[in-house]
Amino acid sequence: MTLSTASIHALPHAESAAVEVRGISKNYKEVEALRSIDLDFPRGKLTTLLGPSGCGKTTLLKIIAGLIEPTSGEVRVNGKTVTGPGPERAFVFQDFALMPWATVMRNVAFGLELKGMGKAERQSIARHYIAEVGLTGFEDKYPHELSGGMRQRVGLARAFAVNAEVLLLDEPFSAVDEQNRRKFQEDLLRLVEKERKTFIFVTHSIEEAVYVSDRIVLLSRRPSRVSQIIEPKVDRTASPDAIRRDQGYLDTVEEIWQGLKHYVD
Amino acid sequence: MTLYGYRVPMMASLLVWCVIWELVGQSGLMFLVPPLSAVLVAGYSMVQTSTWQAAAMITLHSFAIGMGLAIVVGVSLGVLMGRFKAVDELFSIWVNIFVSAPLSALVPVLMILFGMGETTVIVTVFLFAVWIIVLDTRAGIQHVPKSLIEMGRSYGASTFALYGKIVLLAALPEILAGIRLGLVRGVKGVVIGQLLVAIIGYGELFELYSRSFDMENFWALTIILFAAAMLMSAAIEHIEKKVDYYAGVR
Ligand SMILES: Nc1ncnc2c1ncn2[C@@H]1O[C@H](COP(=O)(O)OP(=O)(O)OP(=O)(O)O)[C@@H](O)[C@H]1O
Ligand SMILES: [Mg+2]
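Chains as they are written, first to last, in our numbering: chain A, 1 to 265; chain B, 1001 to 1250.
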């Protein structure tokens, strides 16, 4: 398969990788979810994991997060082998995982609270990120008073507040309606630009992947392997609407669709 | 049932039954049923006697200790069963037997084990109340969303913080429901314990009034007991409603 608008890299430059995945396999009893995955996630970039449903995207992300033990292989973050969750990684959950009994403020500051940071300090940090995700004025609301999109903004602010280098996002927008989703993607791009962190992003949506990603890792069907790595050539300085009409954007979407199509039947 | 947002019908039906009671009592048809007004008058003077106050104190004391133990043990065991499969398999058969077993039948055995005093009453309260607390807590813990626990772990929560700040709070609605049901059962337990075994406190008074056919005082005693049980249960229900409100998005 040739790609006119996207280039394929077999093994990217390891020296700048924030996260290295080495020979990761995962079996759930008889189910072989992942088979010896090797991947590098470059620092300061947004890399997306894209693949058919049930191929093991969440599993891989949670292994990187240290929430799931791999059957074999190892993950290194900044060269250090992962043995569990750590402060240099923060997770954004598909179902938001907000504490319903806590206000927006407490939810956003929760990672800092767990670190033992004093109330005034953590609240001022939380307030900053609440503003960053556009929720100023909602500090004292409870999650059930917010829409799905707003709840995920809380989840995002919580992840930013702990100032982790690596952000892991598992289909963060899948429970958000289409209009909010687009707005959200634009905000995410702005935050990626501003925060200069390493993002690992899981999504079902090809358009979303091409819109937000520096790199897209295509995973094959179970047992999952890396089938392709694509770097969309999209001019992100353009306006959101211009990007969505950009020929590079549209072509990359089409290429990925052609690559994934045979999994659907 | 609510009407225009008020719980009118329930209060109204209660009033109707009070009137019926008064009429039946006034008619003198049933000697076991004195008029409600006479019962209330008797109750009013009864609560001022030192006998009643002493009995109430003893009863409250046994109840509080038995309930306290039941809550501590019930919630702890329920959490362990909800979190660890091995613990669950070990205990669930007993919990399920005891939660529906006719525990009154066990009280004579308890008497042999714990003597004729307050200890037996406390153990009775405990045994009546604890099982439903275990079961409800266990259900609550099992329903804590997996992602909330993963959230805690990924943001570096210690085991202590994970339980104190996430798991127990997420399971709070079910735990409170268990405690409310446990309270009602505990009231049963304290009376049955006192009646069957020790003949102390409230049980002694019940025994005294029913044997001497002092029906006014007997019913007054009963009403106070029921009112106390209902009040406690309503108080917990009130907290439950508040908690449910915040937990509404689970
Ligand atoms: N705890 C588990 N026990 C057994 N099998 C599991 C478990 N978690 C996931 N699996 C299986 O492993 C495979 C990969 O699951 P995973 O959730 O990682 O996929 P995914 O790519 O995130 O899917 P989706 O796109 O639907 O979110 C699936 O077939 C799933 O059924
Ligand atoms: Mg998934």
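Please keep in mind that the hints were generated in silico from the structure rather than gathered at the bench. It is possible that part of the hints are untrue.
Stated by the list, open to error - Here are the computed lysine-lysine pairs in the PhoX-like style, where the Cα-Cα straight-line distance is at most 20 Å:
no., chain 1, residue 1, chain 2, residue 2
1, A, Lys141, A, Lys45
2, A, Lys141, B, Lys1165
3, B, Lys1242, A, Lys141
Outcome of the hint check:
1. The suggested pairing of lysine 141 of chain A with lysine 45 of chain A is violated, with an alpha-carbon distance near 33 Å, which exceeds 20 Å.
2. In summary, the hint linking lysine 141 of chain A to lysine 1165 of chain B is supported, as the alpha carbons are separated by about 19 Å, within the 20 Å threshold.
3. Between lysine 1242 of chain B and lysine 141 of chain A the alpha-carbon distance is near 15 Å, which keeps this suggested pair within the 20 Å criterion.
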